[in-house]
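Model the placement of chains B, C and D on the given structure of chain A, informed by the hints.
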Amino acid sequence: MIKITEEDFSLDEMIKRARSKDAGAIVTFLGTVRDDGMERMEAEAFREAAQAELEAIQEEAMSRFHLMAAEIVHRTGSLAVGESIVAIVCSAGHREEAFSGCRYIIEELKKRVPLWKKEVGRDGERWVGRT
Amino acid sequence: MIKITEEDFSLDEMIKRARSKDAGAIVTFLGTVRDDGMERMEAEAFREAAQAELEAIQEEAMSRFHLMAAEIVHRTGSLAVGESIVAIVCSAGHREEAFSGCRYIIEELKKRVPLWKKEVGRDGERWVGRT
Amino acid sequence: MLVKVLAFAGFREILGKERELEIKEAATAKELLAELAQVSPRFKEAAFDESGALRDYVLLMINRKRIDPILDLSRPLQEGDELAIFPPLAGG
Amino acid sequence: MLVKVLAFAGFREILGKERELEIKEAATAKELLAELAQVSPRFKEAAFDESGALRDYVLLMINRKRIDPILDLSRPLQEGDELAIFPPLAGG
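Protein chains in written order, with this note's numbering: chain A, 1 to 131; chain B, 1001 to 1131; chain C, 2001 to 2092; chain D, 3001 to 3092.
The following block holds chain A by itself, in its conformation from the complex (with noise of 0.2 Å):
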């Protein structure tokens, strides 16, 4: 399941879609908003784009790493310190897919899907960017 919701997610309901006999290895990946030094964090999206962008990057994954499922959750709105962003649930066989299935799938969101963060502080307001 392919996921960008504005409301909190339940990870273990997305482990649990993950699960399966022939799966003998589930690794997650959870990105929370980590307090350095801001209130909150608003992350925006362009939808559909971001939508069709996760769907090729699971298909890519699935099949790249044999995973048997491949969960994705990302949250947009506004968003405290410690909250949720984004969460990857990948199932395999054995770790090693397993581990770089999530890691491949993680690392592609950031590069290719068109979502943006903006870091509310006490002095201000920034958007990040890897510029």
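A couple of the hints might just be wrong.
[What the hints assert, rightly or not] Selected chain B positions facing chain A (in silico; Cβ < 10 Å):
no., residue
1, Asp-1022
2, Ile-1026
3, Leu-1030
4, Thr-1032
5, Arg-1034
6, Gln-1051
7, Ala-1098
8, Glu-1107
[To be verified] To be clear about the criterion: a stretch of chain A counts as covered by chain C if any three or more of its residues have a C-beta under 8 Å from a C-beta of chain C, and this derived list gives those stretches:
no., region
9, 25-34
10, 45-55
11, 62-69
[Stated by the list, open to error] Here are some chain C residues pointing at chain A (derived, C-beta under 8 Å):
no., residue
12, Ala-2084
13, Pro-2087
14, Leu-2089
Rather than coming from a laboratory, the hints here were simulated on the basis of the structure.
All C-beta atoms, glycine included, are put in the ideal place defined by N, C-alpha and C.
Below, chains B, C and D alone, put in the same frame as chain A:
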């Protein structure tokens, strides 16, 4: 927290404990019993030695990868296909460290911690070893 | 003809999230951006340098496909095309 | 003197999980293993090859520290020492 236990555990609780406002990344490894034509698996530990070795590994991982938290649970006893065997949860400021820490712990656990697994199948049983 | 402009992050704060624009038949993305610059001095300053060249960090999609600002800006647009304007992605 | 023997996995199935053994003062781990082989022919076959050498896959801990079967087997044991005998770990 490090635990070797006969009982099932809550990954959700482990992740909750690993969360903190300074952690931006939480990586989780969950090992489950894969259906390789077996009926169930039996896991056995040299409990006191395993606990001490896991503590050493946890400490190594925490300092090497600057982890904020590292949670480890390993089950013993009779486990059905699909059930959880082992879970590791690592939180860190950034994802690179959280991934590396989690990977380090599971690899060292497999190499160094006195744990054994027996596959019980329809046609008999065998101890799983690296030989 | 009517085209749609979507803007995100910093550019959304300048241009608004979404607007429809009437532009002349077969106008290019470059002409569309020039028109936006004329309407909004803040956009002009954010998107173009002093020499009038598009800044490096302005990324564009036409109909949800990334376009190369050098090669694709002079291609004529079509009725109903959707141009998205945004800064670099959130990254690491 | 009294020492404790713990056995795991396949060796547990042969020797039982835990037993206490009375051995002579300052006996070595090697002598202890020989005694176990005498008591249990199944253990003898599982742990030693035809030439009487300990098989590679027999791993040992004394007081929860791994010992080198070549260097440490001839060190004298002490009252209350705990010898653990087990096959290779579960691995990958």
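Status of each hint after checking the structure:
no.	hint	in the structure
1	Asp-1022	6 Å, holds
2	Ile-1026	4 Å, holds
3	Leu-1030	4 Å, holds
4	Thr-1032	6 Å, holds
5	Arg-1034	4 Å, holds
6	Gln-1051	22 Å, violated
7	Ala-1098	8 Å, holds
8	Glu-1107	9 Å, holds
9	25-34	violated (count 0)
10	45-55	holds (count 4)
11	62-69	violated (count 0)
12	Ala-2084	6 Å, holds
13	Pro-2087	6 Å, holds
14	Leu-2089	6 Å, holds
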